[in-house]
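The task is simple: from the sequences and hints, build the whole structure.
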Amino acid sequence: MTPSVNSRAAISARSDIDYEMSWRSKFSKIPVLILGIVQVVLTLLIFILEIASLAVYNYQATGAGIWCSLSFIAAAILTILLVTKWDRSRLWATRVFIAQILLLVFTFILIGIVGNFISTNSNAYSASSSTSIGSVADMFASFRTKYRIMQAQLAFAIILMFTGLGYVIFYILLTYLALWKPFHTLDISHLFQQ
3 MTPSVNSRAA ISARSDIDYE MSWRSKFSKI PVLILGIVQV VLTLLIFILE
53 IASLAVYNYQ ATGAGIWCSL SFIAAAILTI LLVTKWDRSR LWATRVFIAQ
103 ILLLVFTFIL IGIVGNFIST NSNAYSASSS TSIGSVADMF ASFRTKYRIM
153 QAQLAFAIIL MFTGLGYVIF YILLTYLALW KPFHTLDISH LFQQ
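This note's numbering puts the first residue of the sequence shown at 3, with every later residue one more than the last.
Honestly, the hints are just simulated from the structure, not real lab data. Hints are not guaranteed to be accurate.
[Unchecked claim] BS3-like, lysine-lysine: derived pairs with alpha carbons at most 25 Å apart:
#1 K28 to K183
#2 K87 to K31
#3 K28 to K87
#4 K183 to K31
Spelled out as structure tokens, the structure:
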């Protein structure tokens with residue numbers, strides 16, 4: 003005897019609830035909230051450092067810290083909202099997972115651009131640091147300041163990259179613990195349904 007359509011729908015609805023309850027029971031609020039707050043702070047620092055570097059010295063300016071920050075702030079806000087407003091739902095956790103992957107892509111871009119500036123101009127920075135002639139030293143002062151700002155921005159971008167990577171690893175581990183281990187399924191067909 004085959005199960006009726008209504009009983010299959012009831013089993014499917016029950017398993018959806020079971021999946022969601024398992025997901026929420028394994029999802030820790032505090033670490034993800036801290037991660038989101040750290041991402042907001044790092045994004046603001048990257049944005050401010052980009053504005054400062056553009057104001058100090060306009061040589062090889064790309065504004066990458068500004069346009070990459072748009073992706074960073076969106077991912078950070080979604081991460082905070084995941085635990086404060088959306089109560090750790092699987093649907094929103096998956097959307098935040100995608101936003102964090104985009105954050106990773108844009109951190110790779112920012113690290114590449116800023117890292118290229120630093121590596122390309124490291125010899126010029128060394129030469130400008132050893133210059134002691136008055137007018138030449140003044141000319142290089144703004145370049146040295148920009149170089150240091152870009153080094154700080156690179157450091158914050160690397161830390162931001164690790165926070166995004168942390169969420170991605172957390173999501174994958176949580177998917178294993180909440181779905182694969184108890185149910186022996188990843189059941190990705192329900193990840194985008196409310």
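Structure-based check of each hint:
With a C-alpha separation of about 12 Å, the suggested pair K28 and K183 falls inside the 25 Å cut-off, and the hint holds. For the given pair, K87 sits about 11 Å from K31 by alpha-carbon distance, which is consistent with the 25 Å threshold. A threshold of 25 Å between alpha carbons decides the hint, and for K28 with K87 the separation of about 18 Å falls inside it, so the pair holds. For the hint linking K183 to K31, the alpha-carbon distance of about 21 Å falls within 25 Å, and the restraint holds.
Checked against the numbered hints given earlier, this structure breaks none of them.
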